[in-house]
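Line order of the protein sequences matches chains A and B. Reading the first sequence from the start, the letters are residues 1 to 244 in my numbering. Reading the second sequence from the start, the letters are residues 1001 to 1422 in my numbering.
It is possible that part of the hints are untrue.
[As the list claims (entries may be wrong)] Listed next, the in silico SDA-like pairs over lysine to any residue satisfying Cα-Cα at most 20 Å (straight line):
(1) B/Lys-1071 / A/Leu-87
(2) A/Lys-105 / B/Arg-1079
(3) A/Lys-80 / B/Gln-1069
(4) B/Lys-1418 / B/Lys-1379
(5) A/Lys-129 / B/Ile-1062
(6) A/Lys-127 / B/Lys-1146
(7) B/Lys-1401 / B/Glu-1296
(8) B/Lys-1379 / B/Ser-1339
(9) A/Lys-102 / B/Tyr-1010
(10) A/Lys-80 / B/Arg-1068
(11) A/Lys-102 / B/Trp-1082
(12) A/Lys-127 / B/Gln-1069
(13) A/Lys-127 / B/Ile-1062
(14) A/Lys-102 / B/Arg-1087
(15) A/Lys-105 / B/Ile-1008
(16) B/Lys-1071 / A/Gly-59
(17) A/Lys-80 / A/Ile-163
(18) A/Lys-105 / B/Arg-1087
(19) A/Lys-129 / A/Thr-88
(20) A/Lys-80 / B/Asn-1066
(21) A/Lys-102 / B/Ile-1084
(22) A/Lys-125 / B/Tyr-1010
(23) A/Lys-102 / B/Ala-1080
(24) A/Lys-127 / B/Tyr-1010
(25) B/Lys-1075 / A/Ala-60
(26) A/Lys-129 / B/Lys-1009
(27) B/Lys-1009 / A/Ile-104
(28) B/Lys-1075 / A/Pro-85
(29) A/Lys-80 / B/Leu-1074
(30) A/Lys-125 / A/Asp-110
(31) A/Lys-105 / B/Arg-1068
(32) B/Lys-1146 / A/Asn-86
(33) A/Lys-102 / B/Arg-1079
(34) B/Lys-1071 / A/Met-101
(35) A/Lys-127 / B/Lys-1009
(36) B/Lys-1146 / A/Phe-84
(37) A/Lys-125 / B/Leu-1104
(38) B/Lys-1071 / A/Phe-84
Just so you know, these hints were derived from the structure itself, not from any lab.
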Amino acid sequence: MPVLKLRVTNVLAFRNLAFSYSRNKTIFTDLNLDIQAGRTLLLGPNGSGKSTLFALASGALQPRSGQVLAEQSIGLLPQKVPIFPNLTVEEQVAYVAWLAMKPIKAADADAQRSLAQMNLNHKLKEKPKNLSGGELRRMGIAGLLNSDVETLLLDEPTAGLDIAQCANLYQTLKLLPREHNVIVSTHQLDGISDFFDYVVLLFNGEVLFDSTMEEFMRIGSKKENQITSDPLVNAYSNFVGSSL
Amino acid sequence: MRKLPSIIKYCLAPLVFTLGSTLWALQRVNLDDVPHYWYSAFASAVFVTLPGSIAFALVAAIIAANKRQAKPFLKVSRRAAWQIIIRDLAYPFFAFLVSYIVLLGYLATKVGKASDSPPLLIALVVPVVASAVLSFGYWCGLVFPKAIAIVLSLVTPITWAGFTVASQSFALHYATGLLFADCCRIYTVIDNQALLLSISLNLSFAVVIFGLCLRSLSGSRNKHRNAYALTSFGIITMFVSFATFGSHVGATPITDRNVEALVCEGKAPEICLFPQQSQSPSIERAMNTSWNNLREIYPDIPKRVVGSIGGAGLIGVVVTVHSTSDEVAYSLSADAIGSPTYCEETQSQAALRDSSYRILQNLFLTQASSNDVNLDGFKLPLNKNESFELSKIAVAPTSVKQVWVKRALSSVADCSTKPALE
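Turn these sequences into a full structure, and let the hints steer you where they fit.
As structure tokens, then:
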């Protein structure tokens, strides 16, 4: 099923989404979620469905039923950044844009600018194997920027990075123009800055929280993690409580 | 200056290897023997497919192996798989063709003014071989771990190219063999059917393997597609293989040169050459002298000498821009005798017939020699008995020689005539 154009102000929406990898491994049964323009943090423990949601949003996976509605062009940076070892960093960024249907000359011409946006203009002629983990992620993001996508889906971009590298990554992302919508998935709260406008908390394929960053932080600071009879609330409280 | 894209650097090494090894090999053969036919240059340049098959398949495998890690990403990219493959293989394919063109250009400088048309069908062999080996190398790189892909891409194309060159069922055998033809006379051309089969076989492989590459990159979930691909591969391979092995393929005599373009001079002999074959007075003098000398012992020698393939009532001679008087005289002498016919007879009878032929060859070479022409270097080694027979005939009166020569010549072409030694 193709990703449909959204006619509302949200940049991305999921309607009655159902998806399973196999009969015994269902991820979503009836997911409804609107993601607004801006910078959104998709939070959730391992196995909660974050990567699957991104794959469905980018068209890499097809839902069993329901709809994915997209207002803008979407680019996905997988958790494992794709690397073409024979290409230089500059060539790789140009190649990724070409893969996203950008004409070859424009992809080549704009690669340096995109790398400069990610503070990698000193690594143009390097091979990807010589980059650090953080630089590799930034190279991947530069590839998306060069592809002229408006909404960037970054799947666990801070996985394996230390706090300084995380901070560096978010600092760089902050410099991006606001017209780029950024959705970042992660299962860890360490290093999260004031970069985000919204937070979505996913747990076992269900949306537990969907509001602003301020609201999320308010809940965290009040440590509203008392045990209730509602399993979803319990899970949310436990996750937020243990992570903050 | 803008830095060269990495892919171009990947193509330079196989290009240099292919051209270097091919030119090195060509240095070891006498290119002066390549006659001035475009046909020869085009066919001999196909030699480039041997080293090129190894080098470019290896490069394609390495390029694809570098994609292997990112295959999941490529599968969801908006570019079609065929575009990705074409972009990767365009430069190596172009480099493969460049190596052929460079080699062709090099050989063209050796052939002088060619009098025939460029045989484009032969030239078509190289792009289809290039397509097949590049697709195969690329597929290996996509599917197998890098080390295995490299070994497979090295071994398989050279085995295939070697097989097609060694086997008489394939046009490449004749194409590369033309370079080493006997005394380098192009007296045969490659059967067009053999060329077409070679092209269709390699093209079929290229198409099927390209399909497998597409499938590997597009990641279709259609479970039947594997079965379809394998079945198609089997059918195409069987069909083309049967067509190849079941057909008459190989070299056929040249028949399509425009003999009306021959320019004739003299009466006995009447020497007819193509305009580009006119060499120097010494060549024509050598032909005249040798012909007249031979006529003394062979009064019925054909009066017409042509710079083309001989035939009934004709002597065909090899004359190229590089020919010497000796070579032309040898060619005249050899064609006056003709090629021996294979006869169903006992081994001792066949040995006698062969002795008669060899003695006749050397007698003619002695007779055709003159102050300007020395044909000793072309003489065949004779055993003691043969040498004795030759010396007897050599000192015999001319009338005796004529009788002996008539019988010996007849026994070369006619199995019912007994050899002149009995």
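Starting from the hint list further up, note which numbers the structure goes against and sort them upward. Hints 4, 9, 31 and 37 contradicted; others consistent.
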